[in-house]
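**Student:** Those protein sequence lines, which keep their order, are chains S and V.
At position 281 of the first sequence (counting the first as 1) the number is 281 in this note's numbering, and the numbers step up by one without a gap.
At position 94 of the second sequence (counting the first as 1) the number is 1094 in this note's numbering, and the numbers step up by one without a gap.
No wet-lab data here; the hints were simulated from the structure.
Because the structure is a prediction, the values reported are computed rather than measured.
Incorrect hints may have been included.
Here are some of the chain S residues that sit facing chain V, going by a computed Cβ distance under 10 Å [unchecked claim]: (1) N6; (2) R10; (3) A11; (4) E25; (5) A28; (6) I240.
Pairs of lysine to aspartate or glutamate residues, derived as DMTMM-like cross-links and limited to a Cα-Cα distance of at most 20 Å, are as follows [said to hold, decoys possible]: (7) V:K1081 x V:E1041; (8) V:K1132 x S:D253; (9) V:K1150 x S:D186.
Where is the CB? At the ideal position from N, CA and C, for every residue including glycine.
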Amino acid sequence: MKTDKNTLFRAIGEIDEKYVSEILEEDASGMNVIKSFDAAKAATNAKKNSSGVKKFFMYYLPAVAGLLVCAVIVKSFMTSRDSGASAPSASADSAAPAEYAPMAEVNSVDAAAEEACYEDECDSSYDMAEAATTSETAGERDDGTYSGKDDTLTIEGMPNPFTDCESLEEACRISGIDLEIPDDYDYGLTRVYRALDGGMIEVIFMDGDEEVYRIRKGFVSELGEDISGDYNEYSVTTNIDYPNYSAEIHGNDEDTAMNAVWNDGTYAYSVVCEEPLPIVTVEGIIEMLMAQ
Amino acid sequence: MEDSAIIDLYFARSEEAIKETATKYGKMLKSVSLRILRSIEDAEEALSDTYMKTWNSIPPTRPNILSAFLTKIIRNVSLDKLDAMHADKRGAGMIPAILDELEECIADNRLPVPGEGMELREILNSFLEKEKPESRKIFVRRYFFGSDVKEIAEFYGIGESKVKMSLARSRERLKVCLEEEGVTV
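Model the full assembly from the supplied sequences, consistent with the hints where possible.
**Tutor:** Here it is in structure tokens:
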């Protein structure tokens, strides 16, 4: 009611003079940078760096390892086939780039293996072997694909499983999941929508180039109960019971949250924060999503 | 002139007190009023009323921090003036936006009844005491001084979205404080 918010606004005028003086002194001194913001920024950057390490272990390393295994299998297959026809054996020195490792170096081409493979009219699995046995460093194209020189082969990164969407409606259509997020939850941030075909919808809230928090909703049957993708360990876990579901909130103190996961049996949900958000804010997001 | 000397002039009932106050704080006080009233004419009127109220308050009051004392007076004077204005004019400034933001702090649009639990002023002071300096300063700038988000962002050299986020978090924490101190849901 108007009178009540007026009362609160009036009461703010009665706060201790030291809080008013704090501002006046700041104005008078011309000190216009809150140092702790810089510290917070530095902490965020440090966290982003550690997040990069996390991504390396979560995505790059498994992708490279997967391709190594594929290369070895294909090589073994080719070697065993070619040994009967006295074809030269191929050897893979190292792995090729994959979906999350577009900047990785492409490894050596074994010309003999390539020739043998063509001679044997290799099937499409040759592409993978090719990629795994290319020795020149790939050149990066503007379109994000990677092209080798001369005897190197064009490497296309595996497709990103997420589709970037122009709108929430488009993300809903692709994912097959309904989701509404009122503007109240933007806090002045911009949104990025992504969808996983038939599986999950993701809304990332950005402050410029920096992510602040992201909401995910996906099918439990497809993706399991924890779709947060956040595998960090946090010191405090808070369970909040609602009538038909229970949310697990993780953070490093009692008042703030780094992530929250919950599900209603059909849909799994998660909220992941780049910086700690007040638990009450995250609770508000949970209740908003579950009220739909 | 030192604040203590100006206060002594008030106690001596010297009209130089108002002159010195105007010289030292007039510009700052007018800017506080302008944020609320959005009219130079009205702000100047509020400034005159503020000098009068200060003259009537000192003595017996001896302010600890004269600048803050004066700021609180002109804020209240400006708000009184705003209330007295025509409804159409009242809607012209940024106060409605600030009030709407503050409404979020009130769980069911009710505030503690005086005498039940802590007084509102104490709750606010307790809340501000617990806030981190940066979020407290942003909160006070916005809700005491009536600064707009852009102005705060420019002052601290940070993004407007960061200011909005800080304010949103502070409002959430204030809401919790208010609920804990007797707001019946």
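**Student:** Hint by hint, say whether it matches the structure.
**Tutor:** Hints, verified against the model:
no., hint, verdict
1, N6, "holds, 7 Å"
2, R10, "holds, 7 Å"
3, A11, "holds, 4 Å"
4, E25, "holds, 8 Å"
5, A28, "holds, 8 Å"
6, I240, "violated, 15 Å"
7, V:K1081 x V:E1041, "holds, 12 Å"
8, V:K1132 x S:D253, "holds, 15 Å"
9, V:K1150 x S:D186, "holds, 17 Å"
Checked against the numbered hints above, the structure breaks only hint 6 and satisfies the rest.
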